[in-house]
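Heads up: the protein sequence lines correspond to chains A and B, in order.
Each step along the first sequence adds one to the number in this note's numbering, with nothing skipped, and position 70 is 70.
Each step along the second sequence adds one to the number in this note's numbering, with nothing skipped, and position 122 is 122.
No lab work stands behind these hints: they were computed from the structure.
Careful: at least some of the hints might be erroneous.
It does not matter which identical chain is meant; a pair holds if it fits inside one copy or across any two.
[Stated by the list, open to error] In the SDA-like style, the derived pairs of lysine to any residue whose C-alpha atoms are separated by at most 25 Å in a straight line are:
#, residue 1, residue 2
1, Lys-394, Asn-383
2, Lys-341, Glu-387
3, Lys-394, Pro-337
4, Lys-281, Gln-269
5, Lys-174, Asn-56
6, Lys-360, Val-238
7, Lys-52, Lys-174
8, Lys-49, Lys-311
9, Lys-174, Pro-65
10, Lys-47, Leu-37
11, Lys-49, Glu-256
12, Lys-147, Trp-58
This one's a predicted model, so the numbers in the text were calculated from it and none came from an experiment.
Protein chains: 2
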Amino acid sequence: MANEKGATCGLEWRLTVEGGSSSELLPESGLLYRVWLGIFGLILGLKLKVWKFFENAWRVGVDDPRRVIHCFKVGISLTVVSLFYYVRPLYDGVGGTAMWAVMTVVVIYEYTVGATVYKALNRGIATLLAGCLAVGVHSLANHSGDKAEPIVVGFSVFLLASVATFSRFIPSVKTQFDYGAMIFILTFSLVTVSGYRVDKLVDMAHQRFSTIAIGSSLCLLVSMLVFPVWAGDDLHLVITRNMEKLANSLDGCVAEYFNNSGSNEEPCQKSLGYICVLNSKAAEESLANFARWEPAHGHFGFRYPWQQYLKIGTTMRYCACCVEALNASFNSEIKVPECMKKYLSNACMRLTSHSTNVLKELAESTKAMRKSSNTVILIEEMNSAIEDLHNALKSLPHQVMQPPPPSPIEATEKKKLLLLEVMPLVTAASLLIEIASRIEEIVDEVDELAGLVDFRPAMDKKPNQNQPTNKTHPEDQGQQDAMQTLQRI
Amino acid sequence: MANEKGATCGLEWRLTVEGGSSSELLPESGLLYRVWLGIFGLILGLKLKVWKFFENAWRVGVDDPRRVIHCFKVGISLTVVSLFYYVRPLYDGVGGTAMWAVMTVVVIYEYTVGATVYKALNRGIATLLAGCLAVGVHSLANHSGDKAEPIVVGFSVFLLASVATFSRFIPSVKTQFDYGAMIFILTFSLVTVSGYRVDKLVDMAHQRFSTIAIGSSLCLLVSMLVFPVWAGDDLHLVITRNMEKLANSLDGCVAEYFNNSGSNEEPCQKSLGYICVLNSKAAEESLANFARWEPAHGHFGFRYPWQQYLKIGTTMRYCACCVEALNASFNSEIKVPECMKKYLSNACMRLTSHSTNVLKELAESTKAMRKSSNTVILIEEMNSAIEDLHNALKSLPHQVMQPPPPSPIEATEKKKLLLLEVMPLVTAASLLIEIASRIEEIVDEVDELAGLVDFRPAMDKKPNQNQPTNKTHPEDQGQQDAMQTLQRI
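For reference, chain A alone in the conformation it holds in the complex:
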């Protein structure tokens, strides 16, 4: 708003000058005014930017208050580790290398427990390995004479740094030990090279390792015990939420198309949820990657099959692809005649509703980690809805192609036009059927997960209220209306 105001001001000023009756009279004050306006605009623009930044920051905190807690956790951990400096006995105990503990806390502390464990273990093991190796290289260098020593050390640094750097490109290393490889190079170079100067090499390696251990254990304790954020929980949530988003967006865009309720903004936002599903690959992979470093917690035991979540995610993305294509066919330039739309609308909406029911049931049962007794029935209903749509499509040409012909030529013309006009609708129907079959693939992947981790047995519960069994009557009515309309053409 401030920006707009500035722009308006600038425009007004220019208009005044272009008006030009007093342009000779006010050259200097015009320039001053211009400069003043420029500065004013700049300040307002800056204010707006700062304001937007803080608004963004506020939203980040409100969207997920765990982030705010995480920040306090980091602050407290750092302050605690600083105690090693404040309290003299502790400071003397670790021999002045408490710096490493501070550094470890800053570098290791990540948002999720999994990421913290990943970094802590990688850092610990890599430091240990590199330390041992460096001590070995150092003693080798010691025995090879004063002149050869820097050469041996230099060559070993060159060789190991190159090899470790290369290993970071190998996918299996990259996903699990990328940080470890970096710390390996770091520790090895530091210890080997310092070894050339510092005599008490083993002491130094030992101190470095013990301070890192202190920092790491503090991080791990705080991250696991104080309001822990588990990557596994988040992955579980992302997957089930994506199921719901997929269901809602499918529901939304089909309803929007067939009901033509373009006035309401809300369903439009809702029906774009599939884009989140399409874009969540990277987030899912990183969460799954960290989740496997987490100890057993909640429902998730040791060696929980997190990779299966990625498979579910992939099938969902394929499904979302079809929703995207469906959206495109709904927005096609070819205008489908209203009567046609009305004719197929029931079958399409029934199939959509059954498909989303399956997805919602799936989301619910996955969320509760419970087998669902309804899924089989819901899938059967979905399949019968596919059959209904097939039948509606079968009878479509019969209805469309045989209007009472006033003259043979006109009738032929009408037929030609109609199939092209109905193309987006046929495409949409075909994509809805494809989406249903892809939903079955999601069901299969979830079933595999249920088998792998022993979902709890199903509870007896009443069928989903969204089920349109009670809606059949009015829908049939609609179909009859549509057929009557078609016959009237």
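Keeping the supplied structure of chain A fixed, place chain B upon it in accordance with the hints.
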């Protein structure tokens, strides 16, 4: 292979025992044999794993030899920086804190120039900022008395660490200053907390900064001057390659469907290229993110609009979504009658060929950063191919629905069946049209890029050889054949 051998061995042994004539005679040697086989299998399995790992590593190097060069670059930089330790005058010059230079090289050195610059600048600026702030806090703490000093220091660490950690969640900070925020916390904590012990605080801050500067400049020089890997170049390449992949996969899957050449494996692999396009979002974003830190190089000037590449990438992914749906409709369970397929095959393949021509031309002109004189013509041809497909679809019901009827009932039955049978084909045609319109969106985005960075003017060159202008004749022949077949039904 070794694993297979092991498995066979195990199987053979079990068969021998199950044969059972000498089972009483060899219980102990059987057990020993079993243990031996187990160990043998384990060793073979391990050997296989190691072999596979090295095979993977070899492929990583062969796929992109720049990675191997990068490793040598890191090795050499580290060895050079170690000189600060080896050579005494240099060592004395930086007062024993050469360690920071080694650490900087290890931590900052990334594969692409952009990532290295990003880390170096973030590290440098964050260190400077945090150092100044820490000195300020230290002097404030000094003036507040002996008892209050640790409290002031502790509280400032807590406050700044929390705020900086929170800032890392804000998207705009995360993409550009994530590393800087971490280094800020690190330096601030280290300097503030050490300030409590080390008296020569300013000296320490100065040394830390100068060693970091030495390490950073070395990294930047080596990464920019010795076989540089520019993130911008890579992004440019990824985008143009994805255009080619999209074109090839579209070509491949349409040709595979209509030509029914299932025997050849190669096109199958080729036609899956669109999956790469679907999955390249994260890579593109990270490259674009680093590319903007790079100085002007090659064709890419300062403030090059890398964000536009992301927009092109997004339109390509939407196009790839439709190719995925197209693939699904080709693999539909509903068997489209051969004659129908043949009838629409020409129009579909013509449209595909024109669409891929546009994509290939686009890839070529983007690669050369040159305006293309052909694009307009190719798009016109694509649009006329869309018209042709529309016409073919218009005449389809006319052809299909009016076979010479032997009896009225049978004719009606035939009609009903045919529309459902032809549904996947109609869907495919509709998706091909949608793909063409999405390709036009890609063209628009590339045009915008061309306008933003002033692509060089077009060269006069002969039209793309892939253009099917000369193929019209045999295709028309095919269409005639198909129509004759249809009339014969």
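Here's how the hints hold up against the structure:
1. With identical chains, the CA atoms of Lys-394 and Asn-383 are at most 25 Å apart within one copy only, with a shortest distance of 16 Å there and 31 Å across copies.
2. In the homo-oligomer, the alpha carbons of Lys-341 and Glu-387 lie at most 25 Å apart both inside one protomer (18 Å) and across protomers (24 Å), since each shortest distance falls under that limit.
3. For the identical chains of this complex, Lys-394 and Pro-337 are neighbours both inside a copy (18 Å) and across copies (16 Å), given an alpha-carbon limit of 25 Å.
4. Within a single copy, Lys-281 and Gln-269 get their C-alpha atoms as close as 21 Å, and across copies as close as 22 Å, so both meet the 25 Å cut-off.
5. In this assembly of identical chains, Lys-174 and Asn-56 lie within 25 Å of each other by CA distance solely across copies; the values are 12 Å between and 33 Å within a copy.
6. For a Cα distance limit of 25 Å, the shortest separation of Lys-360 from Val-238 inside one copy, 14 Å, qualifies, whereas the shortest one across copies, 38 Å, does not.
7. For the identical chains of this complex, Lys-52 and Lys-174 are inter-copy neighbours only, at 16 Å across copies versus 37 Å inside a copy, given an alpha-carbon limit of 25 Å.
8. For a Cα distance limit of 25 Å, the shortest separation of Lys-49 from Lys-311 across copies, 24 Å, qualifies, whereas the shortest one inside one copy, 41 Å, does not.
9. In this assembly of identical chains, Lys-174 and Pro-65 lie within 25 Å of each other by CA distance solely across copies; the values are 18 Å between and 31 Å within a copy.
10. Taking identical chains as interchangeable, the C-alpha atoms of Lys-47 and Leu-37 lie at most 25 Å apart only when both belong to the same chain, with a minimum of 15 Å there against 75 Å between chains.
11. For the identical chains of this complex, Lys-49 and Glu-256 are neighbours neither inside a copy (37 Å) nor across copies (54 Å), given an alpha-carbon limit of 25 Å.
12. Proximity of Lys-147 to Trp-58 under the C-alpha cut-off of 25 Å is found in neither arrangement, the shortest distances being 61 Å within a copy and 36 Å between copies.
Taken one by one, the earlier hints fail for this structure at numbers 11 and 12, listed in ascending order.
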